[in-house]
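Residue numbers (the working numbering), protein chains in the order written: chain A, 10 to 255; chain B, 9 to 85.
Be careful, since some hints might not be right.
Simulated pairs of lysine to aspartate or glutamate, EDC-like, Cα-Cα distance not exceeding 16 angstroms [said to hold, decoys possible]:
#1 A:K130 / B:E50
#2 A:K138 / B:E58
#3 A:K138 / B:D76
#4 A:K138 / B:E54
#5 B:K32 / B:D65
#6 A:K130 / B:D65
#7 A:K130 / A:D201
#8 B:K18 / B:E58
#9 B:K70 / B:E58
Derived by calculation from the structure, the hints in this document are not laboratory data.
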Amino acid sequence: MKGQHALVTGGSRGIGKAICLELASQGVHVAVNYSGNKEKAEQVADECRTYGVEAMTIQANVADSASVQSMVKTVMGEFGAIEILVNNAGITRDTLIMRMKEEDFDAVIDTNLKGVFNCAKAVTRPMMKQRYGRIINISSVVGVLGNAGQANYVASKAGVIGLTKSLARELANRNIRANAVAPGFIQTEMTDKLPEDTKGELLKQIPLGELGKPEDVAKVVAFLASDAASYMTGQTLHVDGGMVMP
Amino acid sequence: MATIQDRISKIVSERLGVDESEVKREATFKDDLGADSLDVVELVMELEDEFDLEISDEDAEKIGTVGDVVDYIERHQ
Numbered sequence: 010m011k012g013q014h015a016l017v018t019g020g021s022r023g024i025g026k027a028i029c030l031e032l033a034s035q036g037v038h039v040a041v042n043y044s045g046n047k048e049k050a051e052q053v054a055d056e057c058r059t060y061g062v063e064a065m066t067i068q069a070n071v072a073d074s075a076s077v078q079s080m081v082k083t084v085m086g087e088f089g090a091i092e093i094l095v096n097n098a099g100i101t102r103d104t105l106i107m108r109m110k111e112e113d114f115d116a117v118i119d120t121n122l123k124g125v126f127n128c129a130k131a132v133t134r135p136m137m138k139q140r141y142g143r144i145i146n147i148s149s150v151v152g153v154l155g156n157a158g159q160a161n162y163v164a165s166k167a168g169v170i171g172l173t174k175s176l177a178r179e180l181a182n183r184n185i186r187a188n189a190v191a192p193g194f195i196q197t198e199m200t201d202k203l204p205e206d207t208k209g210e211l212l213k214q215i216p217l218g219e220l221g222k223p224e225d226v227a228k229v230v231a232f233l234a235s236d237a238a239s240y241m242t243g244q245t246l247h248v249d250g251g252m253v254m255p
Numbered sequence: 009m010a011t012i013q014d015r016i017s018k019i020v021s022e023r024l025g026v027d028e029s030e031v032k033r034e035a036t037f038k039d040d041l042g043a044d045s046l047d048v049v050e051l052v053m054e055l056e057d058e059f060d061l062e063i064s065d066e067d068a069e070k071i072g073t074v075g076d077v078v079d080y081i082e083r084h085q
């Protein structure tokens, strides 16, 4: 992968940040996409550069197709190629269905699911021309298991798995692979928000008995982006301490 | 300077691996020239670059034959 170029959405913190750093540590140049926090994104880019790779930050709201197209154009202009796309950007608006507002549902679907569509569509053109591309979409364990209070998030993450399979089938003969990673409960700001008793219940469902680290997910993403995974496409890899055993 | 028809024939024959003599006006991309739907999308992308124009998705969907492409590009040059 050394010398290749990656675009990582939602790369300023959490799992996205770990993915940026893991790829950089393997010699990949990284474009760190962020939606709001420029400062944190710049910090991630700085940290990437300590591995001797090029790094840039790029603001875009993945839910907005025009914003995504301009992002991909800018990154192509700067890097000249995008071999790896990691669709990681995601949000939550948790509440029970009975209380969930339509805009809560739409906002989560727009970022988590349509955002993947927007970004994948935008990189397809350069990847088809390159006859080379690796797309890795971040799903979630709850997209497979379901979860009370997260109907919107679960629907979006289950959707990502289906979208990944379609991408894989449509683009396979252009040497573009698409795979998904479904993290379990990983220590990030997103899971820090969960109440303590919820976390206690969660731990009981994790065979390996602890929350995962962002790096655990990042290493699997890097594997899928590498040629070690060259015969895999359309797959979902579960990085969840054994919660899902498909 | 090659004519529009010649330039298109060259691109189509290279992209689809067919002889330029087969790239006739009435030839359909899918049935006669063996293109799949992704091939057509790629052809459109390449033609956009070659002729420096943008072919909208709606127009791209209407493309069936080589003649359709020649006419379109002549109209929009």
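Here's how the hints hold up against the structure:
no.: 1; hint: A:K130 / B:E50; result: holds (14 angstroms)
no.: 2; hint: A:K138 / B:E58; result: holds (14 angstroms)
no.: 3; hint: A:K138 / B:D76; result: violated (23 angstroms)
no.: 4; hint: A:K138 / B:E54; result: holds (9 angstroms)
no.: 5; hint: B:K32 / B:D65; result: violated (24 angstroms)
no.: 6; hint: A:K130 / B:D65; result: holds (13 angstroms)
no.: 7; hint: A:K130 / A:D201; result: violated (32 angstroms)
no.: 8; hint: B:K18 / B:E58; result: holds (11 angstroms)
no.: 9; hint: B:K70 / B:E58; result: violated (20 angstroms)
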